[in-house]
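Put together the whole structure using the sequences plus the hints.
What follows is each chain in one-letter form.
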Amino acid sequence: MHITMVKKRMRDGSDCRKCGEVTEHLRQRGFWDRIDAVVWAQEDDPTSPGVVLGERLGVETAPFFVVRDDDGETVYTSVLRLIQDRFDQADASTVEEALDVDPDDIGGI
Amino acid sequence: MSVDPKTIAALAAEYATRDPRDIVEFAIREYGPDIGISFSGAESVVLIDMASKIGGKFRVFSLDTGRLHPETLQFIDRVRRHYAIRIDVYYPQAEALEKLVREKGLFSFYTDGHKECCAIRKVEPLLRALKPLNAWITGQRKDQSPGTRSAIPVVQLDPTFNSAKHRLVKFNPLANWTGKQLWAYIREREVPYNPLFERGYSSIGCEPCTRPTNPSQHEREGRWWWEDETAKECGLHAGNVTKFQDGNL
Chain A
775 MHITMVKKRM RDGSDCRKCG EVTEHLRQRG FWDRIDAVVW AQEDDPTSPG
825 VVLGERLGVE TAPFFVVRDD DGETVYTSVL RLIQDRFDQA DASTVEEALD
875 VDPDDIGGI
Chain B
1001 MSVDPKTIAA LAAEYATRDP RDIVEFAIRE YGPDIGISFS GAESVVLIDM
1051 ASKIGGKFRV FSLDTGRLHP ETLQFIDRVR RHYAIRIDVY YPQAEALEKL
1101 VREKGLFSFY TDGHKECCAI RKVEPLLRAL KPLNAWITGQ RKDQSPGTRS
1151 AIPVVQLDPT FNSAKHRLVK FNPLANWTGK QLWAYIRERE VPYNPLFERG
1201 YSSIGCEPCT RPTNPSQHER EGRWWWEDET AKECGLHAGN VTKFQDGNL
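From first to last, the protein sequence lines stand for chains A and B. Per the working numbering, the very first residue in the first sequence carries number 775; after that it's consecutive. Per the working numbering, the very first residue in the second sequence carries number 1001; after that it's consecutive.
None of these hints come from the bench; they were simulated from the model. Backbone N, C-alpha and C define an ideal beta-carbon position, used for all residues, glycine too. Check the hints yourself; a few may be wrong.
A partial selection of chain A residues facing chain B, derived with a Cβ cut-off under 8 Å [stated by the list, open to error]:
(1) 788
(2) 791
(3) 793
(4) 813
(5) 825
(6) 834
(7) 835
(8) 875
(9) 879
(10) 880
Far from chain A, by Cβ distances over 12 Å, these chain B residues were calculated [to be verified]:
(11) 1011
(12) 1030
(13) 1065
(14) 1085
(15) 1099
(16) 1183
(17) 1192
(18) 1199
If you want it as C-alpha cells, here you go:
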C-alpha cells in the first residue's frame, strides 16, 4: 500500500489552512510516518503536480489522499475516513465525519 | 450485480453521450435495490419520474435540514403521493444540532460561513442515508456551476464517500443536460415541480441560504451570496476562479 497526500502550498510558502490542520492531526495521532509521499499543488500554478492530480481525479480541494494497492487507486478527501479505513482505527461518529468533509464538495444534495 | 471499480472510467466514457434514461436504467439494473435517488425537492424529481417509468427496485431519500421552505416540504410529499413511492426523509442528529444552536445561534452561517451548519444539517444525515447503499443517483449538472462542476462524469466512484470498506458509486445521469433540456422534459411530461421555481428561484436549498435570481444571474448566485467564492483558500483551482462581476461569469 502506498499513500500520497496532496497538499496546497500558498504563495507565501505556507500550507493552506486545512492542509496544516490535517498534517497536525496526523502527526498528533502518530500516523504521519504512514504517508509515503507528499505532492504539492502550488497556488496559481495549474501545472503543479498536485493540481494536475486533482484534475485527473476530479478533486476540487486540498488536502486529499491517494491510496494505491492491489485493488487499484482509492481517493480520500476525509482524513478521518482514511484513518479508519487504512489504519484500522475505530469508526468516527457520523457527526465527526460530516464535520471533516467540505459540504461544497458533495454535489447532488 | 455491481460495477467493477476499475471499469468505472470506461463506463463513464461509454455512457457520456447516452440519454439520462439509459443511465438511470443501467444504474437500477446493476444496483437495485441497493441504490438510492437523492431528492432535494427540486429538479431531481426528473430522476424519480424516469426511474418510476423504467421500473425496478430503487430507494428515494431526502434530507430535511429543518430550514427548508414550506413549499419544498409540501412538494416532497406531493411527489411521494404522485408516484406512489416511499421517500425516506433523514433529519439532523438532534444532539449535534442543539449544540450548534446553543453555542452559535440559529443564523451562525451568516457570520461563520455555511459549512458547519451544512455539515450538521445536511452532510451527517446524508452519511446515514448512504450507509446501506452501494450506489446513489444525483441530479447534478455541469451547467449548474461552471467553476466546480464542469467535469462531472455520468458515473464515478463517489469522490467523497467511497472507501475500501464501503465501495460507493455515484451516478449523475443529468450531468450533460442543460437546464433548458431539463425543463423541456418537465413540461413535456407534465412532471410536478416545486412552485418556488415560478417565483424566481433557480436553485433551491435552505430558506435562509437561498434567494431568487434574475435571468442574467447564474443559479449559484442564489446560494450563500454573502460569501466570497474566491476566498476558498483550499480550492485547487482558486487561482483560476473567475469572480462574478455584474452578474456575469
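Broken hints, numbered, in rising order?
Failing hints, ascending: 1, 4, 13 and 15.
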